[in-house]
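Please build the complex by placing chain B on the supplied structure of chain A, with the hints as guidance.
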Amino acid sequence: MSMLASDAFASVSLAHTLLLAGALMAIGIAGFLSRRNLIVMFLCTELMFQAAVVAMAGFGRWYWDFSGQVFVIFILTVAAAEAALALALVVLLYRRRSTLDAEAWTELRE
Amino acid sequence: MGAILPYIATAVAALGLLIVLAARQRPARSGGGVLGLAGLAWLFVLAGSLPGGVEDVTTEVFVLIFSLIAIAAAVQMIVQQRPVYSALFFVLVVLSVCGLLVMLEAFFVAFALVIVYAGAILVTYMFVLMLAQQASDTSHEGEIPAYDRLPRDPVAAVIVAALFMAVVVAAAFAGLSDLAPAAGPQAQLDTDVTLLRALPEQVRREVEAAGVASQLPESLDGVVTAHAGGIVFNDGGGVSVPLTRPGNTSHVGWSLVADFPASLELAGVILLMAMFGAVVLARREVEHAEAELAAASGADRADYDESKEDSE
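Residue numbers (the numbering used here), protein chains in the order written: chain A, 1209 to 1318; chain B, 1040 to 1351.
In isolation and in its complexed conformation, chain A is listed as follows (with noise of 0.2 Å):
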């Protein structure tokens, strides 16, 4: 048993990975829902996404399946595009109004 390579580790706690996930989750809707910074918002998108990656590699690990750690990737390839996306719609924003206040926004019009 103790020739194996994946006996590197003892397995790791299911619920302690789920735990920190929801954890992180959380954390994150708090942070979105609570902050007014553009920016901040986004990253706290970006710390949800962080909490889908936990959860995914948890249950990956559990079930011995790779899928999990092909979909964190595919949640980085998304993270990346919404970065790019989303960063160019605050700096165009920023430019009309000055500020990164998302309630400048709260009325939306031409």
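Don't read these hints as lab results, they were simulated from the structure. Predicted model only: the values in this text are computed from it and were never measured. Where a beta carbon is used, it is the ideal one built from N, C-alpha and C, also for glycine. Check before you lean on any hint, since a few could be wrong.
Unchecked claim - One side only, chain A facing chain B, incomplete, derived with CB under 8 Å:
| hint | residue |
| --- | --- |
| 1 | M1233 |
| 2 | I1247 |
| 3 | M1256 |
| 4 | Q1258 |
| 5 | A1260 |
| 6 | A1265 |
| 7 | G1266 |
| 8 | F1274 |
| 9 | A1296 |
| 10 | L1308 |
| 11 | W1313 |
Unchecked claim - Far from chain A, by Cβ distances over 12 Å, these chain B residues were calculated:
| hint | residue |
| --- | --- |
| 12 | A1042 |
| 13 | Q1064 |
| 14 | R1065 |
| 15 | P1239 |
| 16 | E1240 |
| 17 | V1246 |
| 18 | V1262 |
| 19 | T1264 |
Just chain B now, kept in the frame of chain A:
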């Protein structure tokens, strides 16, 4: 009574988060932080008795350390008044999550996360932060704007987050016993054998390097076998060669191209479209900011900022 303890721990953690978010004085904030972390640590200890629970105490101590660093950094991230510090604390979150990923034996994604997240994406954020801060600081030097100082409705935000956490806790404490058991060493060996069968060229090279099998069969189906000691190539004529077990990167790469080829192509299209979108958005000219436009037309849109400050 035992069934309600996890929810009490969740409520304690949520209360701590609320204090950290809403309190003005520094001592109160640190007290709230300690309270929240204590609640979460209690929750982790309670979860230790769950079916998917503790196998090895040393491992769980490391998991607890990484988790608490990640959570503390995440809280710091959402309460920091300066967005640059928020971004830096997010790097700390990513690093500790990567520590946990290494413990989960997800080596490839752990290092990919450090490179892409802590490296590339965060640098993009930093660029935009610097771009936005530089211009706004000309009016009042070094002062933190109101929208960074005052949170918007922290009570409602924490209630939503606590409800979410309660659902996760309910799922974990009620549902984990219904889960199929974790994959043991035998299932892991079987996965390795499946991968090696799909890569006959690699097996061929290893066997040739060992120099024992003079005549390799055309099809290697069925000659790779697993037993307790590892994976062995058998040619049926008494020749057996131990094979290296494929690592994490081989597994992830194989799963990516064999199980999700269409998603892989789609991911490429998404990245391309995001690049086009960012270029189109960033190139759009805003000749005049709205404040200037309003000033030119005589409207009082320009004093948007002052009216905003008064209302608080």
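Here is what the structure says about each hint:
no., hint, result
1, M1233, "holds (7 Å)"
2, I1247, "holds (5 Å)"
3, M1256, "violated (10 Å)"
4, Q1258, "holds (5 Å)"
5, A1260, "violated (11 Å)"
6, A1265, "holds (5 Å)"
7, G1266, "holds (6 Å)"
8, F1274, "holds (4 Å)"
9, A1296, "holds (4 Å)"
10, L1308, "holds (6 Å)"
11, W1313, "violated (11 Å)"
12, A1042, "holds (15 Å)"
13, Q1064, "holds (18 Å)"
14, R1065, "holds (19 Å)"
15, P1239, "holds (20 Å)"
16, E1240, "holds (20 Å)"
17, V1246, "holds (20 Å)"
18, V1262, "holds (21 Å)"
19, T1264, "holds (15 Å)"
Of the numbered hints listed earlier, those contradicted by the structure are 3, 5, 11.
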